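Peer 1: Letter by letter, the chains look like this.
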Amino acid sequence: MLLIRCPYCEETLPEMEFTYAGEAHIVRPENPSDMSDEAWRDFLFIRSNVKGPHFERWRHSHGCARFFNAVRDTVSDRFLTTYKAGEPRPDLASLLSAAGQSESEK
Amino acid sequence: MTHFSAWSLLKNALSGHKNWSEQWPDSEPKAEYDVIIVGAGGHGLGAAHYLAKEHGITNVAVIDKGWLGGGNTGRNTTIIRSNYLYDESARLYDHALDLWEDLSQELNYNVMYSRRGVMMLAHTVHDVQSFQRHIHANRLNGVDNKWLTKEEAKEFCPPLNISPEARYPVMGAALQMRAGTARHDAVAWGFARSAAKRGVDIIQNCPVLAIRRGPDGAVEGVETAKGFIRAKKVAVSAAGHTSVVMETAGLRMPLESYPLQALVSEPVKPIFPCVVMSNSVHAYISQSDKGELVIGSGTDQYTSYSQRGGLPLIEHTVAAITEIFPIFNRMRMLRKWGGIVDVTPDRSAILGKTPVKGLYVNCGWGTGGFKVTPGAAHTLAWTIAKDEPHPINAPFTLDRFTTGRLIDEAAAAAVAH
Amino acid sequence: MTNFRVPGRGRVQHGKPVTFTFDSKTFRGLEGDTVASALLANGVHLMGRSFKYHRPRGPVSAGSEEPNALVGTRRGKGQFEPNTRATVQEIWNGLQVNSQNKYPSLKFDIGAVNDRAYMLFSAGFYYKTFMWPKSFWDKVYEPFIRSAAGLGVSPSEPDPDHYASRYLHTDVLVVGAGPAGLAAARSAASAGLRVTLVDENAEAGGTLLSEPQVEINGQPAWTWLASELAELEKLGVRIMTRTTAIGYYHQNMVGLCQKLTDHLKTPDAATPRERLWRVRAGQVILAQGALEKPLVFDGNDRPGVMLAGAAQTYLNRYGVRVGSRAVVATSHDSAWYAAFDLAEAGTFVEAIVDTRQEPRSDLVTEAKRRGITVLAGYTVTGTSGRLRVSSVRVNKVQNGKVLEAETLTCDCLLMCGGWTPSLHLFSHTKGSLQWDPEAQTFLPDRKTEDCQIAGAGRGLWGIEAALTDGRDMGAACAKALGKSPAVASVSVGNDRPGTGVSHTELPTDLNPGKARAFVDYQNDVTAKDLRLAVREGMRSIEHVKRYTTNGMATDQGKMSNINGLNIAADALGKPQPQVGLTTFRPPYTPTTFGALAGYHRGDHFEVTRKTPIDGWAEAHGAVFEPVSQWRRAWYFPKPGEDMEEAVSRECRATRASLGIFDASTLGKIEVVGPDAVEFMNRMYTNPWTKLAPGRTRYGLLLGDDGFIRDDGVIGRLTNDRFHITTTTGGAARVLNMMEDYLQTEWPDLKVWLTSTTEQWSTIALNGPNARNLLEPFVEGLDLSDEAFPHMSIAECTVAGFPSRLFRVSFTGELGFEVNVPARYGRALWEKLFEAGQKYDICPYGTETMHVLRAEKGYIIVGQDTDGTVTPYDAGQGWAVGKTKPDFVGKRGLARPDLAAEGRKQLVGLLTKDGKTKLEEGAQIVFDPNQPIPMKMVGHVTSSYHSVAAGRPIAMALVEGGYSRMGETVYIPMPFGTVEATITGTVFYDPEGERLKL
Amino acid sequence: MTAHINLSQAGVLAKSLAASVTLLEPVARFSLRTGAAGQAKLSAALGLTLPTKVGQRTQAGQTEVLCLGPDEWMLHTSESLAGTILQACESVYADAPHSLTEISDREVTVRIEGPKASELLTLGCPRDLDKLPVGEARRTVFDGATIILWRDAAETYRIDVWRSFAPHLISLLQTGCGELAAE
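Protein chains in written order, with my numbering: chain L, 1 to 106; chain P, 107 to 523; chain X, 524 to 1520; chain W, 1521 to 1703.
Check each hint, because a few of them may be wrong.
Simulated crosslink set (DSBU-like; lysine-lysine; CA at most 35 Å straight-line) [to be verified]:
hint, chain 1, residue 1, chain 2, residue 2
1, X, K1002, X, K575
2, L, K51, P, K260
3, X, K953, P, K171
4, X, K1097, P, K136
5, P, K260, X, K919
6, X, K575, P, K124
7, X, K953, L, K51
These are computed hints drawn from the structure, not numbers from a lab.
Quick caveat, the model's predicted, so the values are computed rather than measured.
Let the sequences and hints guide you as you build the complete structure.
Peer 2: Shown next, in the form of structure tokens:
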């Protein structure tokens, strides 16, 4: 069971309170009707399915009920960071180096 | 290579088993192959076997980042059935079932395909409607599947609790008598031995780093930890890692990889005669030849390659099992493990050609890949050999996600695979 | 029978005898005994039979790693469990114990014929045969294999005991209460942290319990232990014994299984049998010690052959001599001390056989002083004795050559092949292991979790080393959590540090092809099997393990993995790390299903949601059906009525006069804010702008893929306030989907969603008398058709209760839905039911609701649609606001296949004979005479016997259905083909006159 | 277990040496939702300050407000004051658009108190209760059901839970009271 920091509650809490909500930063286009079938397929179905740091969404469904974003390493399942919906993608390089340090401290 | 039989076993027994030959050599890569298959699970090794046996294509390499059969082939609950709703699925899985029935003889390797029947429990009116829909469709498709009253279900599987007081009372069941289980490792080993015997190279511990495409966009070969290997045809059969490999060929896939957990109990004398699946409470169970209760669970909620999985899911699965089979409450969980399953948006596979010339794919089986092993391998081999879809795998294209022509068993029936 | 108990020795209560039965024979032990120690005290070693060869077996260990001494234990009805470790199960007066996997008896077991034919049952033999004739597999071969397998028998009755679970948050979790664990807990606790210390044994102490001679800080070990435990209690450490850390999960979550009653004669009724703890720790300290390795030689599995450390434990902890004439065979110093202790306790030690040419001189001197023969540089090449070892065959080894054999008489053979650090939990974390060529074992390397390994777990040997390391690791964890611990110095006397060497099979002068040198005792895997697997091309330890089943027994390789690895590596001519170590998987020891299920059994398995009116329905004989988490009244049979009769009556009564229905489970969402209408326009297919306050409309919700997700009637209360209803099963899903769009895609919208599903009790009144019944109860609202027409909503009071009143119908009759605050639901229902008597009011359930709506062609999402149906397919195209620029699903609907001709469309079906009721789910074809597989063109989604239509009616999805009105389709059934005509879906009151009353 | 628990009858549902579980009398409950812009005006209208940190509570007379999320508050007040609350908020709707929705009957409240109250909650609540300060509250989960957990004193809690989940939750608390007392 994972531990997840809710960026709205500012607490690190058990996974049991959260619901996974798929890949992050897949924005629903302004005018879907203008999109090609391929573009719409990509929006609906194509996912990066990263092996490593993955930008994803969670919902604090049994808490503040907010959807938020997270970067999680899908190999270790360790969260590199979480941030509020609407905030820009954090810089991966700096996240990884930060994580690297905390690893080496062990 | 020694032919397996009671006689050869006896003969070797008398000579202290000193003369058995290798079941497959551990090959080093050649510079070039006609076909390279990425992923040495049952699917990949099976495709190699059928390429060699039915299409005479033996200059084939099956490459794996680890040991053969070390992925989902060796990590699943070995349920085999074909009572799917849609014609496309029913044909494919029933084709697999036909192959399963002769596989031990075909491979001269006892894969212990056990036709003990797979029973799916209906716990709600909606389940009943949906199972009836399956049974009628199966009947008109020539697929074995029949309805049991709850009393008949109890008779078929005595440990079953059919009390109306149960939280999810059993309202009846769908039974495919022809379905069952098989010994998962033997499937990988049997295909490997047979393919190797026919000249296929099995290259283990050799991660594929990238699929290389030429100026015309066609496949040229694969970059591996042991260097570049040339091939005009490459088939990716890498289960949970498929999208990672396909990405290197510039193809983004409609796939997500989830952790799936399974567990076994301590071994006991025969008590459980069949396979039982319950989708309302999310649990699958059978008893292995060794006596262990083999129990399958659902996937964790988040995508992952960690193969760890959490405790809460195991708690729920075991609770579900003891809810349906209260006599097992004092049994003990011996071992649990995790696998990585690749899931498509419509829970059906992608099997066959891709937009890239010379690149073939076999993925997206979710939790149901084992049962279709020979069927997927057999039709994929055809497609690779002829560079055209096999009538049975033709509907399982990537294209369907653009057109919307999905094969959505899950949406149609909420039946887990 | 000789008594092997040593008076006054050990931690058992010599004054407190306990009797129990083994294979129905009564035995006497002492309080504090395990089944194994008590039987050994009675001179019994034979406790079980092996898995494949049914060889006689006795305990080889004294702990949870035991592979041989597995028994069935029984307390009473339904309280039986197989495969219990005799070395762990504590005895109590009346405990019933049975041996397993034997017939007719443990001493004479017919299954043992397998042992004669062992050559046939080599590794993987079943892959190579049983293939001809094919038909024999199901009927003959597999049943034979299955009945041969499987150790004990399954329980056969429901379990009367109950189980529990808890969450626990602790700063430091220490696993293992041996010297290292105790010291670690002390350091961490001294820093003021929340510390939890767990141990799988009945009491804390670990090795100290087997080494009373040790002196710590000047105190005898057991005195120090008592005071240290008291000190830890004082510091607030939570100490849990009989508690096994079963698994190590993400981010320092550790699962514990605590046994609470298996050792008690009469447990308290309120006390659960076992409790699962889900522990979340800031830091974890793994102090699980090390496990002793057997030596691998011919006949190393005979009863009486056991680990030297186990013998030492039986003596020092339980006061039991495991034999009167012992031979000790070892490659490690530790076994020498076992020999000394036994000798001192009166067991005649025939000889200490050490595989090393030059054992430690001080040990040799000690042995000599005790008059014990020392055979250094020897190997063990065999044992004899049918049900108990009676002699050992040993040979001198000189520069690699095995010389002639000597035979030593004995009744027990105590072996030690070195020790393996217990790193199972560490390996659950996917932490990496490093092969240590020096110690010939794996040690912890890279960590993935915030944990420390202390003591023998990382290869340290001896009590002093363990105490010091534990202390320091505890301190390290405290520092990691920002605390400064107090660390005291420790002094240890009579410590027994030692070293040893590691072996594959011991060298022999006999034909190795004939040797039965066991590596995995329980699964009967011999060294030969492992070498055969390698010969057949199994190159990874995973393959070897799976091919031979080495390490897959109920001890999960605790006894066999390292010996197996050494032999496989030797056969492959590779160093161990290149062959790999099979990953240990949870649980550490087998864990009962009951403990994992915890409270979630019976009606607590999952929540059952009930409406405020549920109690009334139950009191009035309703039959219920589960619908998602809810239970709903399905129908209300009168005495003697079956379902069909009851439903027909309910339908008739409702259409004739008045029916009352509990619709409280319908999902309800309040949509409020200046942008409410804009949100509704984007979310639902329908246009909402023109819907006036006080009016309602049927709303259709799609996914962005264009397929139907949900539907329901939606009322506009004010410009900025909508009252949405959803399907019962859809409520949570729909709200989540709406929040998702609102929060992530349209955060700019000023609108908020609140679930009001359970705020309201919803009572539906349907039938020509609905208004007549309701009117007198209503205040503040004119119910006339003119003032309050079909599809209206208003707030008023009903029977004095504040209410939201809908005029709406899901039956085709004049209908109202009264929403009152949940607490009043039952009261209002009873008032209406009472007043309704004069209209023969009839309570009806979900089945009648389904029939009545089907007569009107109203769809049920999830029954007439599945996840592949569009609004146009379902005949709901009218509800799609085509002129709206966008709504969820609009683009999806335009995808080629969704816009294609000839999709399956929802139509009515009337069977030609007017009598046959189609089966829901039945498949439809155009050509009934085609061969199988047939081309199916659709299926029946709803089918009922309609009282109103006086005939069976059905709805179905049929390819191109709309353009086939009046055409005949065929439904091939097992009993014959049914003909039906395609019609519209409205079978009753097509003009909707009855809604206008 | 979940047999019949009468939710219309306030009173003690379980009592042991470890803890007691009491169903409390109904109160008026509102879900208040508004953006940052509206908070000041609504605070003024309600005569209290809406707390802005998730989990914080404020009380003004009989009205108690809990911040559940960045734009969400739970109001508890006496039933006699319900109307006043409605009017107060209504009066500022134009300048401070918001959603005020009555949910008095959506949930019920049980009080848990006694020497082992905190321990009792560990049967179903995965939170570290040592990190929930007295005087605060959180929305969290208990054995699968969403709850609001109010900590009123070291060993005194209130749980708000949706009506239909209450029997499931209460039956587990009843089991726990016996279990803990037997320890």
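Peer 1: Please flag the earlier hints that this structure goes against, numbers listed from lowest up.
Peer 2: Going through the list in order, the structure violates hints 1, 2 and 5 and respects the others.
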